[in-house]
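Novice: Taking the hints into account, I'd like the entire structure generated from these sequences.
Protein chains: 2
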Amino acid sequence: MKNETDSLRLENQLCFPLYAAARGVVRRYRPHLDALNLTYTQYIAMMVMWEERLCSVRELGKRLYLDSGTLTPVLKSLEQKGCVRRYRSPEDERVLLVELTENGRQLREACADIPYKVGCSFDLSAQDAQTLHRLLYQILGQFD
Amino acid sequence: MKNETDSLRLENQLCFPLYAAARGVVRRYRPHLDALNLTYTQYIAMMVMWEERLCSVRELGKRLYLDSGTLTPVLKSLEQKGCVRRYRSPEDERVLLVELTENGRQLREACADIPYKVGCSFDLSAQDAQTLHRLLYQILGQFD
DNA sequence: TATAATTTAATTGTGCTCAATTGAATCGAG
DNA sequence: CTCGATTCAATTGAGCACAATTAAATTATA
Chain A
1 MKNETDSLRL ENQLCFPLYA AARGVVRRYR PHLDALNLTY TQYIAMMVMW EERLCSVREL
61 GKRLYLDSGT LTPVLKSLEQ KGCVRRYRSP EDERVLLVEL TENGRQLREA CADIPYKVGC
121 SFDLSAQDAQ TLHRLLYQIL GQFD
Chain B
1 MKNETDSLRL ENQLCFPLYA AARGVVRRYR PHLDALNLTY TQYIAMMVMW EERLCSVREL
61 GKRLYLDSGT LTPVLKSLEQ KGCVRRYRSP EDERVLLVEL TENGRQLREA CADIPYKVGC
121 SFDLSAQDAQ TLHRLLYQIL GQFD
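For the record, the sequence lines run as chains A and B. Take the first sequence: its letter number 101 is residue 101 in this note's numbering, and every next letter is one higher. Take the second sequence: its letter number 97 is residue 97 in this note's numbering, and every next letter is one higher.
These aren't lab readings, by the way, just hints derived from the structure by calculation. Treat the hints loosely; a few may be bogus.
Identical copies carry no separate label here, and so any pair may be met within one copy or between two of them.
Said to hold, decoys possible - Straight line, CA to CA, 20 Å or less: simulated EDC-like cross-link-like pairs of lysine to aspartate or glutamate:
no., residue 1, residue 2
1, K117, D92
2, K81, E102
3, K81, D6
4, K76, E93
5, K117, E79
6, K117, E52
7, K62, D34
8, K62, E99
9, K81, D128
10, K117, D6
11, K62, E11
12, K81, E52
13, K117, E11
14, K62, D128
In this text the structure is predicted, and so the values were computed from the model without any measurement.
Specialist: Following this line, the structure appears as structure tokens:
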């Protein structure tokens, strides 16, 4: 039987373990990404670029649930590293297109084993991972 | 049958929905916390204080999976608002003790309905919430 | 067509996260 | 007791998250 006291206990919140686990998992990626001179946000942005090759900032933001305030500096940094090109769409000058470069494409091979390595570092059964995946996307679906 | 191509797809990662869902959930708290002039990090710090009343920065950090670089400014801000007091332990001057004030205690009542309100805004069955909770703590347990 | 509304990305400012470093206090081995 | 190691919090610097604002381009409407 829950009351106000229980509801404000840290361990009864969903937000807390969610937030802490997310940061912890990102921390596990860091050593692998450091070696490739990538931040985590740059990495997930590149994941979209590997799938799309050409993509507007807006589309990228929708996929990643991030706005231009976050993406603009991330994409500028990726451009400086030569992973993407950025240019205004000729059809609509408001739209900034981001395009994968050959350099960026090659980075994908270097990243190929990261998910496996990080995945192995977690003691989570395939069944549990799948359940977690499903529940997270169920939550994410409510942010559209 | 998975290959490198699949493993680097955004939607096959666990890290991505975890991170995005965590931020989305925190965003749902924001309007409620804004009304009380609290940030999310201040809020979870207060949750520990409501449970402990007196707690070192180190213990707080262990509970929240945060270090002093994050906590120091958060706790200073909470002190300025009059929610906690901070003072060095007489037994060990290295240790900074954080103590709940009467003001801080009263804040708890004002926060009492936040978990319920936020919880209601998610379409997640009690069963699913419990499963998610279990899986997240299973992951968190690997960060100790 | 003129202008009002909308869309898009960039910018700005505040706060969080984290790694690395610093400095003080304490502890432990000799 | 002394010196080196450890512990603890604070600080610093880099990068991310996000709300709010700005400016330009486009679209819709009167």
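Novice: Confirm or reject each hint.
Specialist: Okay, the hints, checked on the actual structure:
In this assembly of identical chains, the alpha carbons of K117 and D92 never lie at most 20 Å apart, being 42 Å within a copy and 42 Å across copies at closest. Taking identical chains as interchangeable, the C-alpha atoms of K81 and E102 lie at most 20 Å apart only when both belong to the same chain, with a minimum of 12 Å there against 53 Å between chains. Taking the shortest alpha-carbon separations for K81 and D6, neither the intra-copy value of 49 Å nor the inter-copy value of 25 Å comes in at or below 20 Å. Taking the closest pair of Cα atoms, K76 and E93 come within 20 Å of each other only inside a single copy of the chain (18 Å); across copies the shortest separation is 46 Å, beyond that limit.
Taking identical chains as interchangeable, the C-alpha atoms of K117 and E79 are never at most 20 Å apart, the minima being 27 Å within one chain and 42 Å between chains. When the C-alpha separation of K117 and E52 is checked against a cutoff of 20 Å, the pair qualifies neither within a copy, at 24 Å, nor between copies, at 38 Å. In this homomeric assembly, K62 and D34 never come within 20 Å of each other (Cα to Cα): the closest approach is 26 Å inside a single copy and 25 Å across copies. In this homomeric assembly, K62 and E99 come within 20 Å of each other (Cα to Cα) only inside a single copy, at 17 Å, whereas the closest approach across copies is 42 Å.
In this homomeric assembly, K81 and D128 never come within 20 Å of each other (Cα to Cα): the closest approach is 37 Å inside a single copy and 42 Å across copies. For a Cα distance limit of 20 Å, the shortest separation of K117 from D6 across copies, 15 Å, qualifies, whereas the shortest one inside one copy, 38 Å, does not. In this assembly of identical chains, the alpha carbons of K62 and E11 lie at most 20 Å apart only when taken from different copies (13 Å versus 31 Å within one copy). Taking the closest pair of Cα atoms, K81 and E52 come within 20 Å of each other only inside a single copy of the chain (19 Å); across copies the shortest separation is 48 Å, beyond that limit.
Taking the shortest Cα distances, K117 and E11 sit within 20 Å of each other only across copies (17 Å), while inside one copy they are farther apart (29 Å). Taking identical chains as interchangeable, the C-alpha atoms of K62 and D128 are never at most 20 Å apart, the minima being 27 Å within one chain and 26 Å between chains.
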